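There are 2 protein chains.
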Amino acid sequence: MKLYDGGRAPNPRRVTLYLAEKGIAVEMVPVDMGQKEHKSDLLSTKNPLQRLPILELDDGTILTETIAICRYFEELYPEPPLFGTGALERAQVEMWQRRVELNFFLPVAFAFRHTHPAMKDWEVPQMPEWGEINRPKAQEFLVLLNDALADRPYIAGAHFSVADITAYITVGFMKPAKIAMPEGLTHVQRWYASVSERPAMKAEKA
Amino acid sequence: MKLYDGGRAPNPRRVTLYLAEKGIAVEMVPVDMGQKEHKSDLLSTKNPLQRLPILELDDGTILTETIAICRYFEELYPEPPLFGTGALERAQVEMWQRRVELNFFLPVAFAFRHTHPAMKDWEVPQMPEWGEINRPKAQEFLVLLNDALADRPYIAGAHFSVADITAYITVGFMKPAKIAMPEGLTHVQRWYASVSERPAMKAEKA
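These protein sequence lines are chains P and E, in that order.
For the first sequence, my numbering gives the first residue as -4, with consecutive numbering after it.
For the second sequence, my numbering gives the first residue as -4, with consecutive numbering after it.
These are calculated hints, taken from the structure and not from any lab test.
Residues from chain P that keep clear of chain E, each with C-beta distances beyond 12 angstroms, as calculated: (1) G2; (2) A4; (3) A20; (4) E22; (5) G29; (6) L37; (7) K115; (8) G167; (9) K173; (10) E178; (11) R185; (12) P194; (13) M196; (14) A201.
Some, not all, of what chain E presents toward chain P, calculated at C-beta under 7 angstroms: (15) E60; (16) A63; (17) R66; (18) E70; (19) L71; (20) A82; (21) A86; (22) M90; (23) R93.
In this text, all values refer to a predicted model and were calculated from it rather than measured experimentally.
Glycine is no exception: its CB is placed at the ideal position from the N, C-alpha and C atoms.
Could you put together the complete structure from these sequences and hints?
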C-alpha cells in the first residue's frame, strides 16, 4: 500500500504522527499541496473531494479521511491501542476525538482558511468575518478542555489516544490561524508539554 | 442506562434511528429543546457543550457525541453490524460517515442555523452570508454521492450502515435549511426511496 501525503498540512500530519506512534512504516508518496498537486487529475480520480491524505491499497482500493485511515491501521495493528480498549474506553476516545475535531480543529481551520491571505485562492469565497467569529470558539473549547484535563493525564482518560494527536496538531495550527492560547490554562499547558516530549513528536520537529 | 433525547433535532434522531435499526430499547428522557432544557444547569453539568443526545450509564458515566454513543452500542450489540465488518469495510463505513458528515450534514446545518429566523437566538452571531455559501456546498456533495451510488445499493457499499442514517437525516434536514435537491440525481433518489421504506424510518414517520 502507499500513502499520498501532504507534508505539513494538519490532516496529513495527523496520520503520519499516528503511524509514528504505532511504529508502522508505509510507503509515502509526497504530494506538493503548494503546487496544488492534490487537485491534479490523477489525485482527483482517487479522491473527488481533492483532499489529502489518501491511502491506496495494493489492489487499488482507496481510503480517504484521516480518521478512517487511522482506524484501518488500528484494525491491522491493534498495539499499542490509540482508539481505546473495551467498549467504554473506545466510546470515550471517540467522544473526545469528535469533541476536539468539531469544536477546536474545525474553528481553527475556519479561522485560518477564511482570514489568511495565502488561502484566498483555496477557500472561495473567503469570508474573513466567518474566520473571526471562530477564533473565540476555539478558545472557549480550550477552557472546557482545561477543566477536563484537571484530573487525568490525557484527553480521553488514562491513556494517550488519537484524540491527543488531533488536539496536539490543532494547538500548533493556532499559530498560522492567529489564535492566542488563553492564559492560565495550566492543565492544557502541562498536557501539551508532555505530548511534545513524546518521541514521535520530537522526531517530527527534528 | 438512560438517553437524554432531543426529539426531532437531527443528532438525537440519528441515535434513535440507529437504535431502532438495531432493535435496542433504552430508557428515554425527553428534553424540550424548544424550551432550551438542554442548556439547563442539570444537563450542562452532564454535557458542558450543551448538546444532545447524552447517554448516562447506570454508574453515572456520561457519553456524548452521536457517533460515540452509536459506537458504544455497536460494541455491546454487534448484530446487525452498522459500522461494517472486517478492517476494510469498517474503514469504508468510517470514510463515508465522515464524508457525509463533514461535506453534507455540516453545510446543511450551517445553512439552517445561520439563515433560519428561529435560530437567531441559538446561533450567535448569526451570519446569513455564511449560511448562503453552504447551500451549494451541500448540493455539490450530493452530485458526488450520486456518482458513488451508481454501482452500489448503500453509501458505504453492499450493506446499510450508519453512513446511510447520517445521509438520510441530512436529506430531511435540507427542507428547513431551504436547500433544493438538485435535479437528475437518479441514484440518490433510488437510494433515498429505498431507505425511507425501511421499518425504522417508517415507524419514525408514523
